[in-house]
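Colleague: What follows is each chain in one-letter form.
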Amino acid sequence: MKTLVLLFISGIFSLFGGIFGLKKILPLFATVALATALGYLFYDSNYGLENLQNMLIFDNYSTTFIAIAIGSTLLITLMSAKGYSYNPESIGDIIGLMFFVLCGVVCMVSFNNMVMLFLGIEIVSIPLYVMVGSNRNNLRSNEAALKYFIMGAFATGFLLFGMALIYGATRSFDLDVIRSFSATALQTSPTYVSIGLLFITVAFAFKIAAAPFHYWSPDVYQGSPTLVTAFMATVVKTAGLGAFLKFIIYLSPMLGSDWYLIIAIMSAATMLFANIVAVMQDDFKRMMAYSSISHVGYVLMALLTVNKETQSIVAFYLIAYSLATIGIFACVLLLNPDHNKGNGFAMFNGLGKRSPIIAVILTICLLSLSGIPPLPGFFAKFSIFKQAISDHLWLVLVAICSSAISIYYYFRAITAMFFNKPDETIIAQPTDKNIAGYVVISITFVALLLIGVFPQIIGL
Amino acid sequence: MPPIDHYIWLSSILFSIGVIGVLIRRNGIVLLMCVELMLNAVNLLFTAFATNFQDSAGQVFVFFIMVVAAAEVAVGLAILVMIYRNTKSVDISLLDKLKQ
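Here the protein sequences line up with chains A and B, keeping their order.
Position 67 of the first sequence, counted from 1, bears residue number 67 in my numbering, the numbering being contiguous throughout.
Position 7 of the second sequence, counted from 1, bears residue number 7 in my numbering, the numbering being contiguous throughout.
Mixed in with the good hints there might be a few duds.
What the hints assert, rightly or not - No farther apart than 25 Å at their CA atoms in a straight line, the calculated lysine to any residue pairs in the SDA-like style are these:
hint, chain 1, residue 1, chain 2, residue 2
1, B, Lys99, A, Asn336
2, B, Lys88, A, Asn87
3, B, Lys88, A, Tyr86
4, A, Lys433, A, Ser312
5, B, Lys99, A, Val130
Said to hold, decoys possible - One-sided and incomplete, this derived list gives chain A residues near chain B with beta-carbon spacing under 8 Å:
hint, residue
6, Arg140
7, Asp258
8, Asn336
Quick caveat, the hints were computed from the structure, so don't treat them as lab data.
For each residue, glycine too, the CB sits at the ideal point set by N, CA and C.
Generate coordinates for the entire structure from the input sequences, incorporating the hints supplied.
Modeller: Below is the structure:
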């Protein structure tokens, strides 16, 4: 609760700080505020669970996912001084909106009532529409903002219609009541329940970009400013998957085998489709969008079997994925700080000679995403496969095939770095002035190696 | 009060009209109107259920939806104004720069 209040006050302060000429200190302020929020979160979690009128419940589950979201935001915020240079006069607004998104993330992963789930999803989405379009004079950013807005509003409609039908069957928004009513509801109004659950699942699939509802994602990731893309790919994915898992844990008595089959098919389609299409991409950010879609497919596989382990498996996967993704986008930002140029694979040509530090760290991040041991991406995938193999052998086979495909496109960037000749006409030299960017990639590098060698240090 | 099924049919039809509108129309403003139609169909459904159950929670939810829809439309119109400044049009089929 203290975390939520602190995040909200920091957001308001950033908005006003942007107006009253405090733009220079805002990135520093945001870093300190996020670190304090993280500290309060762990401090509060020592006192057991906190229940706010049955609307929000802060327990071990929500603490884990909020910590992943705030930690990712902390790394992204470190780079904000250079990362938002395309629109320097509104850096206060962007940082403020980022804090508001985090408030929404807190509501999304600690909800105990459908109202808070809906409000959380909206508090995450509405500031993000603005952040995606924050590069005002760039038509690509405008297009990405409109696409994200239309798709987000469309998904909200589905979410609400599903909630209305569930309310019609169970007469309550409180998830504890809904769960205790579920047996009666399934007998008296089975149509409401099944259609309602289907609609809510569709809405979640839109928000986390699972196939076949992922078409907005590559366009939005390509058009947004790089830091906003990194934010969407990590924090928003964490929140969406955390909320979806919590929803499944709560409503598991209502979910029939048909519903799990839908999720299994969705997971298989997401992994196969995203990995095959990613091979054909020429824009690196677009490829990363398909890569993040495919990782959603792997996590959906973990959601099929809900037991005590699921929470820590999903959290470990999200930590491994977020660290590597932030590292990659930080490298892209260092190589291509000017937001009007494209992000083709040519920007990596000869990077191994031009800037060996960036090249090595980017390689480690890409290897972790593709799941090469001893990096955390491998252990994350391994624990998901191990959990799913007894019930869904075919799904694990599909996942292994699609992982094999994914190695091709991750290695495309790595071979460009170490074997291609630098192309003087296209590439900008990495700017050495951006110290924060180097700090962030060093942190991700050390964290990836540490977690890879000692997976138990994050205590999941 | 008429049977609850009539309300469900009415709001399902309104919701479908909204969905079809979002899928086939190409004018940004009309898209916003169709999204509003979807949300208002849901509002109608919530109100009908709440009246049927004599339960106030559903009615309160409608207020939350109205507030969020207003905020969403404010942001959506701002995005459309921004696009109009750059392209002099609100036709979304002009926005095809993000492709290979």
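Colleague: Quick one: which hint numbers does this structure break? Sort them smallest to largest.
Modeller: 4, 7, 8
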